[in-house]
Amino acid sequence: MKELLDQHVPQESITYLTRSESEASSLAKELGSYAGGFLGGAAGLSAGVVAASVFLIPGLGQVIALGAGATALLGFLGARAGAKAGEAISEDEAAPHPAPAAASSEDTALFLEPLKQGRSLVVVRTDFAEVAARACTTLDRLGMSMPMQPAGRMQAATRAIGEITIVDIKGRITLGEGNVILREVMAGLLEKGRKHILLNMTDVAHVDSAGIGELVRSHTTVRKQGGHMKLTNVNKKVQDLFQMTMLSAVFDVHPDESSAIKSFGQSSKAAG
Numbered sequence: 000m001k002e003l004l005d006q007h008v009p010q011e012s013i014t015y016l017t018r019s020e021s022e023a024s025s026l027a028k029e030l031g032s033y034a035g036g037f038l039g040g041a042a043g044l045s046a047g048v049v050a051a052s053v054f055l056i057p058g059l060g061q062v063i064a065l066g067a068g069a070t071a072l073l074g075f076l077g078a079r080a081g082a083k084a085g086e087a088i089s090e091d092e093a094a095p096h097p098a099p100a101a102a103s104s105e106d107t108a109l110f111l112e113p114l115k116q117g118r119s120l121v122v123v124r125t126d127f128a129e130v131a132a133r134a135c136t137t138l139d140r141l142g143m144s145m146p147m148q149p150a151g152r153m154q155a156a157t158r159a160i161g162e163i164t165i166v167d168i169k170g171r172i173t174l175g176e177g178n179v180i181l182r183e184v185m186a187g188l189l190e191k192g193r194k195h196i197l198l199n200m201t202d203v204a205h206v207d208s209a210g211i212g213e214l215v216r217s218h219t220t221v222r223k224q225g226g227h228m229k230l231t232n233v234n235k236k237v238q239d240l241f242q243m244t245m246l247s248a249v250f251d252v253h254p255d256e257s258s259a260i261k262s263f264g265q266s267s268k269a270a271g
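FYI, the numbering for the sequence shown is 0 to 271, going by numbering that gives the first Met the number 0.
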């Protein structure tokens, strides 16, 4: 988080999530003295430190968030803000629930998986390309991407097998060209009512932190439309990246195209 702030990533774009009260308190004090008051949410940990928000997430329990975007990030899940870290969180059913924040919530549910595994997260959310570039450079340098491989620009071609659309991706899914192309392809398919999408990643040579973010965005956008997005032919380096980011428990990854196609029928039955 300090490195992100050093790279002039705005405080309001950064949110830190943890289930550890002691970790949140320690980080809040350190960031408070470092950044001169990291912008916070609804509840203060204690006087003179960075403000934080405490949420009760159904099925997960207490989550502590530092950062201005905490409420928008987690509030739509039905979390209730607490008073202070360490104090009991009210279970009063009459307590008001935060209103949904549709524009900010499309990928939030996926952030819960690492928290379930006892990990903490630093989330950067921004609509500005310059900020995204600085954040991605920092995160990638700290190891949140696979090693860069020589490859040409990203290309994506689509083909249909019944109701399933297969997107053959080639090249790099990276900040700028790669993530924009993927976003445009997915938006175009959904506009046409193509909601069962299989990403064939046989020829994907490199994925950076922005690419990971775009895959998360695509996954949740398709799910919100009542569809399914699956991945196939994912090479070992990308699989290792999914493991490191805990997304292996979220993405539906299949070893080959045939098994992936069959799984769409099973998904439809389960949804029905």
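Hints listed in this document are in silico derivations from the structure and should not be mistaken for laboratory results. There may be inaccurate statements among the hints.
Stated by the list, open to error - Calculated lysine-lysine pairs in the DSSO-like style (CA-CA distance at most 30 Å, straight line):
(1) LYS236 to LYS169
(2) LYS194 to LYS223
(3) LYS191 to LYS223
(4) LYS194 to LYS261
(5) LYS115 to LYS191
(6) LYS115 to LYS235
(7) LYS236 to LYS1
(8) LYS169 to LYS115
(9) LYS28 to LYS169
(10) LYS169 to LYS191
(11) LYS236 to LYS261
(12) LYS261 to LYS191
(13) LYS223 to LYS169
(14) LYS223 to LYS235
(15) LYS194 to LYS235
(16) LYS194 to LYS169
(17) LYS28 to LYS115
(18) LYS194 to LYS236
(19) LYS235 to LYS261
(20) LYS115 to LYS1
(21) LYS28 to LYS194
(22) LYS236 to LYS223
(23) LYS1 to LYS28
Said to hold, decoys possible - Label-pair distances were calculated between CB atoms; the ranges are:
(24) LYS115 to ASN234: 40 to 50 Å
(25) ARG118 to ALA159: 15 to 25 Å
(26) GLU162 to SER247: 19 to 29 Å
The structure displayed is predicted, hence computed values, not measured ones. Every residue, glycine too, gets a C-beta built ideally from N, C-alpha and C.
Hint-by-hint comparison with the structure:
no., hint, in the structure
1, LYS236 to LYS169, "15 Å, holds"
2, LYS194 to LYS223, "10 Å, holds"
3, LYS191 to LYS223, "15 Å, holds"
4, LYS194 to LYS261, "16 Å, holds"
5, LYS115 to LYS191, "36 Å, violated"
6, LYS115 to LYS235, "24 Å, holds"
7, LYS236 to LYS1, "28 Å, holds"
8, LYS169 to LYS115, "33 Å, violated"
9, LYS28 to LYS169, "45 Å, violated"
10, LYS169 to LYS191, "23 Å, holds"
11, LYS236 to LYS261, "25 Å, holds"
12, LYS261 to LYS191, "22 Å, holds"
13, LYS223 to LYS169, "26 Å, holds"
14, LYS223 to LYS235, "29 Å, holds"
15, LYS194 to LYS235, "27 Å, holds"
16, LYS194 to LYS169, "21 Å, holds"
17, LYS28 to LYS115, "25 Å, holds"
18, LYS194 to LYS236, "28 Å, holds"
19, LYS235 to LYS261, "23 Å, holds"
20, LYS115 to LYS1, "25 Å, holds"
21, LYS28 to LYS194, "46 Å, violated"
22, LYS236 to LYS223, "29 Å, holds"
23, LYS1 to LYS28, "13 Å, holds"
24, LYS115 to ASN234: 40 to 50 Å, "26 Å, violated"
25, ARG118 to ALA159: 15 to 25 Å, "38 Å, violated"
26, GLU162 to SER247: 19 to 29 Å, "26 Å, holds"
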